[in-house]
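Those protein sequences? They're chains A, B, C and D, same order as listed.
Heads up, the first sequence is in this note's numbering, so the first residue is 71 and it goes up one at a time.
Heads up, the second sequence is in this note's numbering, so the first residue is 71 and it goes up one at a time.
Heads up, the third sequence is in this note's numbering, so the first residue is 71 and it goes up one at a time.
Heads up, the fourth sequence is in this note's numbering, so the first residue is 71 and it goes up one at a time.
Possibly wrong hints are sitting among the right ones.
Among chain D residues calculated to face chain C with C-beta under 7 Å, some are [said to hold, decoys possible]:
| hint | residue |
| --- | --- |
| 1 | Glu-77 |
| 2 | Gly-82 |
| 3 | Ala-85 |
| 4 | Ile-86 |
| 5 | Thr-89 |
| 6 | Val-92 |
| 7 | Leu-95 |
| 8 | Asp-101 |
| 9 | Phe-120 |
| 10 | Asn-128 |
| 11 | His-131 |
If you're looking for bench data, these hints aren't it; they were derived computationally from the structure.
Note that CB positions come from ideal geometry on N, CA and C, so glycine has one too.
4 protein chains.
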Amino acid sequence: MTKTRLEAFSDGVIAILITIMVLDLHVPHGDDWSALGALAPVFVTYVLSFVFLGIYWNNHHHMLHVVTRVNGAVLWANLHLLFWLSLTPFVTGWMGENHFAPVPTAMYGIVLLMSAIAYYILLRAILASEGPDSRLARAVGRDLKGKISPALYAVAIPLAFVNRWISFAIYVSVALIWLVPDRRIESTLRD
Amino acid sequence: MTKTRLEAFSDGVIAILITIMVLDLHVPHGDDWSALGALAPVFVTYVLSFVFLGIYWNNHHHMLHVVTRVNGAVLWANLHLLFWLSLTPFVTGWMGENHFAPVPTAMYGIVLLMSAIAYYILLRAILASEGPDSRLARAVGRDLKGKISPALYAVAIPLAFVNRWISFAIYVSVALIWLVPDRRIESTLRD
Amino acid sequence: MTKTRLEAFSDGVIAILITIMVLDLHVPHGDDWSALGALAPVFVTYVLSFVFLGIYWNNHHHMLHVVTRVNGAVLWANLHLLFWLSLTPFVTGWMGENHFAPVPTAMYGIVLLMSAIAYYILLRAILASEGPDSRLARAVGRDLKGKISPALYAVAIPLAFVNRWISFAIYVSVALIWLVPDRRIESTLRD
Amino acid sequence: MTKTRLEAFSDGVIAILITIMVLDLHVPHGDDWSALGALAPVFVTYVLSFVFLGIYWNNHHHMLHVVTRVNGAVLWANLHLLFWLSLTPFVTGWMGENHFAPVPTAMYGIVLLMSAIAYYILLRAILASEGPDSRLARAVGRDLKGKISPALYAVAIPLAFVNRWISFAIYVSVALIWLVPDRRIESTLRD
Chain A
71 MTKTRLEAFS
81 DGVIAILITI
91 MVLDLHVPHG
101 DDWSALGALA
111 PVFVTYVLSF
121 VFLGIYWNNH
131 HHMLHVVTRV
141 NGAVLWANLH
151 LLFWLSLTPF
161 VTGWMGENHF
171 APVPTAMYGI
181 VLLMSAIAYY
191 ILLRAILASE
201 GPDSRLARAV
211 GRDLKGKISP
221 ALYAVAIPLA
231 FVNRWISFAI
241 YVSVALIWLV
251 PDRRIESTLR
261 D
Chain B
71 MTKTRLEAFS
81 DGVIAILITI
91 MVLDLHVPHG
101 DDWSALGALA
111 PVFVTYVLSF
121 VFLGIYWNNH
131 HHMLHVVTRV
141 NGAVLWANLH
151 LLFWLSLTPF
161 VTGWMGENHF
171 APVPTAMYGI
181 VLLMSAIAYY
191 ILLRAILASE
201 GPDSRLARAV
211 GRDLKGKISP
221 ALYAVAIPLA
231 FVNRWISFAI
241 YVSVALIWLV
251 PDRRIESTLR
261 D
Chain C
71 MTKTRLEAFS
81 DGVIAILITI
91 MVLDLHVPHG
101 DDWSALGALA
111 PVFVTYVLSF
121 VFLGIYWNNH
131 HHMLHVVTRV
141 NGAVLWANLH
151 LLFWLSLTPF
161 VTGWMGENHF
171 APVPTAMYGI
181 VLLMSAIAYY
191 ILLRAILASE
201 GPDSRLARAV
211 GRDLKGKISP
221 ALYAVAIPLA
231 FVNRWISFAI
241 YVSVALIWLV
251 PDRRIESTLR
261 D
Chain D
71 MTKTRLEAFS
81 DGVIAILITI
91 MVLDLHVPHG
101 DDWSALGALA
111 PVFVTYVLSF
121 VFLGIYWNNH
131 HHMLHVVTRV
141 NGAVLWANLH
151 LLFWLSLTPF
161 VTGWMGENHF
171 APVPTAMYGI
181 VLLMSAIAYY
191 ILLRAILASE
201 GPDSRLARAV
211 GRDLKGKISP
221 ALYAVAIPLA
231 FVNRWISFAI
241 YVSVALIWLV
251 PDRRIESTLR
261 D
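Throw the hints in and build the complete structure from the sequences for me.
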């Protein structure tokens, strides 16, 4: 089993997801700056979701890079991840068009949380296939970021009903934590 | 004739199909849980169709993996399969938005049935090209699942007019049967 | 200059075009057979356009298969072809939703004609790069189908104002002529 | 780190962007030439944006062709470029549907300017990784076109409030400058 098609299919799905989100930036009817200003919340969520999907693509790229073989469990764990990611455009549009109302903001966090869990399951499926002494196992190490992120999402979801901006700030913080690509794998490869 | 572009094109089409279905999850106007609840039937069909398309991608992946050459007949049999799969978003949206009404539910089964038949034709076209002693021929064997599925769909279609939930239950059952990836090919490869 | 990305990009664009056309099959509001029947003209044009795009992908696949190098002129000739193909969903939707009214039917032919011309230009650009003794030059030969098709489109366009069904019949005929993939290249390769 | 997935992902995103723009060519309700004529401004912007995205794909193709390795900085610089390109369908639709009104026309220029800057940043990130004596560094040379283009955009943006057609003419001129693919790289490769 080669990983080429797994990578190609994942690239395709993430490329489409990251792109069709822009369809929620509906062309406004007016032709002045105020028409554009009304789109600001949708635009802000678009940027946030673009960054999140970019992070997933980036980490997926790094993770698969050191994978040597792929089995049925990995294929389905990958589809499971793509399923949760595929809900990103929906929650992005919902949160943006409702100006970060509590329920959509919580829902956005739920999709982020499920995506993080799905990524973790995929990582475990790959590690089970690669073995504990594999390059990936050494590169991942304790996987601190992978454990902190879902914890932060889990905190942010109920907080959306206290103050939506706290949740939003937490989402942005997690994105910033991950914006640094997974240098562990890069540095392990260099050794 | 190499199979690289056939795989790449099929990956592209299935990746797009699996993704644009999410566009039928129209962003609701309300911002509370009830607005989300109204989307439940559409969401359930989305999950079901995501799983079906995932199964097709998975099996397509396994089947093509052991193919050594591709001819014109295979290219067209593949396009024929992609045609029926391309109707999935339409029947998904129709069945979901009409809360599993009889006609859309039957129509959903017809598209599933035609896709299964198209997959079978593709398999035959590939086997004709690969020969009866090929690795694929040995891996496929009696192809029990491939023969039971269309039979179950053919039963489910008229039953939609008796009780829609019977048809729905049959669709879910077929998906569950296939969720286990085609281990025959994996195990044949291991030998 | 390798051809890998040219193929991948063309695969991507054609895969998206062939798929987003299905978005013009708007989910009907009714849930009975008559609601589906109202979609018949849109569905028929969808099938026709799916076949045309499938033919282009197929022939593109065959043509590029024997190409050894790619230059800037070929890249732009390819983008020019993709441009005209990209108008297919628009004219498909327009012709289907207006039940083959004369102007949309003529417009559909114009896009087919321009696509055929663009394909011819791409072929010439590749032949200029490959040379007159190349495998592609031998495989293409007199290119009878490539010359008849645009002539038939040019006849069909004005005839749409006489009787739309004549034009439609001509479009279907050209599709049937091409449904047989370009066996010249396959047979040249076998020799 | 290989560049295969970077190319595949970028191909995917640009292929989708270049294609979904056609969704803004909404199928008109009428079925005569005047219905088509009303779409003229949208069509003109579609052609312009198709050419711009084609230019970016073409130059991206040429640039990556001579790249030997990819690091995290390059991945993010590439995603940054794709972000600005992803806004092209939005500003295309906005400018076209408002018949080149000043604000949308300026906004179109802003997205072009940011894309040009993002491309420059990507080029610098790659050159930093490849080194000053790399083939790419020699091929790029003084990068005259890459420096003139953002300057012209920066001039065109405020001019949209003086006379929209001046800005439009500048955009078309930049496209024409770039329509000649980056022969520097091709000629450097030939040496």
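Enumerate the violated hints, using their earlier numbering and listing them in ascending order. none
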